[in-house]
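Visitor: Protein chains in written order, with the working numbering: chain A, 4 to 383; chain B, 389 to 463.
For the record, the hints were derived by calculation from the structure and aren't laboratory data.
The beta carbon of each residue, even a glycine, is placed where N, CA and C say it ideally should be.
Some hints here could point you the wrong way.
[Said to hold, decoys possible] Taking lysine-lysine and the DSSO-like style, the derived pairs with C-alpha atoms no more than 27 Å apart in a straight line are: (1) 377(A) to 129(A); (2) 60(A) to 462(B); (3) 395(B) to 60(A); (4) 458(B) to 49(A); (5) 49(A) to 416(B); (6) 447(B) to 49(A); (7) 60(A) to 95(A); (8) 328(A) to 312(A); (9) 328(A) to 287(A); (10) 129(A) to 166(A); (11) 312(A) to 287(A); (12) 60(A) to 129(A); (13) 95(A) to 196(A); (14) 447(B) to 458(B); (15) 416(B) to 60(A); (16) 396(B) to 60(A); (17) 22(A) to 95(A); (18) 140(A) to 287(A); (19) 60(A) to 22(A); (20) 396(B) to 462(B); (21) 287(A) to 275(A).
[To be verified] Residues of chain A placed beyond 12 Å of chain B at every Cβ, according to the derived structure: (22) 18; (23) 32; (24) 141; (25) 229.
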Amino acid sequence: MNNERLYFDNASTSWPKPKSVIRALSEFYNSPVGSYGRSMDERTLKFSYNIERLRDKLSSMIGTSMSENIVFTKNATEGSNIILNGIDISDKNILISPLEHNAIIRPLYAKARTSNANISVMPSRKDGFIDVEQLGKMDLSSYGLAIINIEGNVNGVIQPIEKIAPILKRNNIEIMLDTAQYLDVETKLEADKLGIDYIILTGHKKLMGPTGTGAMFIRNPSNISPIFTGGNGFRSSDVDILDDMPYRYEYGTINMIGLNALLSAMEDCGEKTLRNDIWISFIKELHNLDCIVLCADDEIYQGACISFKPIGKEVSSVSNELYHKYGIICRDGIHCNPKAHSFLGTMPNGAIRISPNFFFHDENDVSYLYDSIKYVLHRQ
Amino acid sequence: MCYTDNKKYYIVFPNTRLFLKALPFVEKSDIEHRVVSMPDYISDQCGMTIEIYGQYLSKAIEVISAANVKYEIKE
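Isolated chain A (complex conformation):
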């Protein structure tokens, strides 16, 4: 098997990137180019305009007409920190899903400690899928904010946000979505229709862009005090932070090269090569091996990654053997998500995560992956 086909850690960072991304990155500095909106030359204007095209594209993808409220960040974690440090959660009760990543947990817990806020976990099934019926029966009147990792980065569970959001909104609870693992070019969210207040996203996973690209959506900017500020290239003699969106939160020279490459990725990422039914079959077959599979109970809500915990073997040794004997690149450990692994019963050593690239891998790759796992797990 060609080594290039053995990278199954796309939930960390997707690879390969579309050729258009490589081209955008390699050609960007071939000619003079300045900072976003700062120079009047044709090339700087073109790349600056592309930034606005990307903003509009992301806006359409998450389902909001408030494109100017999409703010570029370096990744989802930065967006999470800006929102959670800028929001007032004093004395509030906050709901989270059981599968929240440290990108949320660490800034949230730090903020909650200084704000006298209480954090509770939403009722859920054993795979972490939020139990909508139980949630609907709860007295939610004292809650102010709910945070939901819409696609888990350990077992790939996709949360039924279209059912969860109406319950939360009926109780005037603000909703924040972590979509880092969820969004690809074919995904549609309905932020306006569902009343989603905050969204964080990243460009380097399923959106196929380079690292260092991401964005956040803030519906009502007056709710979030900016924690960073700086120059915007216009109204420069004002010493106060501008209220204009996105510039209230977007400052300094933004990642022009990365964001232009992300736009290229989203416009030219090709067709999916790995069918979902092949992926689901792989997961089902994995259940027959000597391991505990962490996945969605209901295949309709299965996303693009799963994890497995070997029975009778160390997580790290299986991962090492998969790489050194079969070339399989995957990720073992707790995936920056102790909450999910605690909930799923796989602490302290975690599990081995498999995450294919649906725009690159095919049935043969998944078959080789399965055989490799089988040989490693069943070898005495």
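Given chain A, put chain B in place with the hints provided.
Guide: The following block gives chain B in isolation, referenced to the frame of chain A:
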């Protein structure tokens, strides 16, 4: 408003995004124009604006309306 044909006017936008949103509409319409730094006498702030002769201004306003952005015309 009546614009003098051979006089220069400036289409000024509240921020960079709105300027960038409007510019392609003007470019696609083949209206003679230039992107220039904000003239000092209009504003001492940074930023760019679209410079256009009066004879093309009505057409420019028409196409910019399609961009649905705020702007001001300055002489």
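Visitor: The structure should be examined with respect to each hint, and the outcome stated for every one.
Guide: Hints and how they fare:
no., hint, result
1, 377(A) to 129(A), "holds (26 Å)"
2, 60(A) to 462(B), "violated (32 Å)"
3, 395(B) to 60(A), "violated (38 Å)"
4, 458(B) to 49(A), "holds (21 Å)"
5, 49(A) to 416(B), "holds (13 Å)"
6, 447(B) to 49(A), "holds (23 Å)"
7, 60(A) to 95(A), "violated (34 Å)"
8, 328(A) to 312(A), "holds (19 Å)"
9, 328(A) to 287(A), "holds (24 Å)"
10, 129(A) to 166(A), "holds (18 Å)"
11, 312(A) to 287(A), "holds (15 Å)"
12, 60(A) to 129(A), "violated (36 Å)"
13, 95(A) to 196(A), "holds (25 Å)"
14, 447(B) to 458(B), "holds (16 Å)"
15, 416(B) to 60(A), "holds (20 Å)"
16, 396(B) to 60(A), "violated (35 Å)"
17, 22(A) to 95(A), "violated (47 Å)"
18, 140(A) to 287(A), "violated (33 Å)"
19, 60(A) to 22(A), "holds (20 Å)"
20, 396(B) to 462(B), "holds (9 Å)"
21, 287(A) to 275(A), "holds (21 Å)"
22, 18, "holds (32 Å)"
23, 32, "holds (21 Å)"
24, 141, "holds (41 Å)"
25, 229, "holds (16 Å)"
In summary, the structure is inconsistent with hints 2, 3, 7, 12, 16, 17, 18 from the numbered list given earlier, while agreeing with the others.
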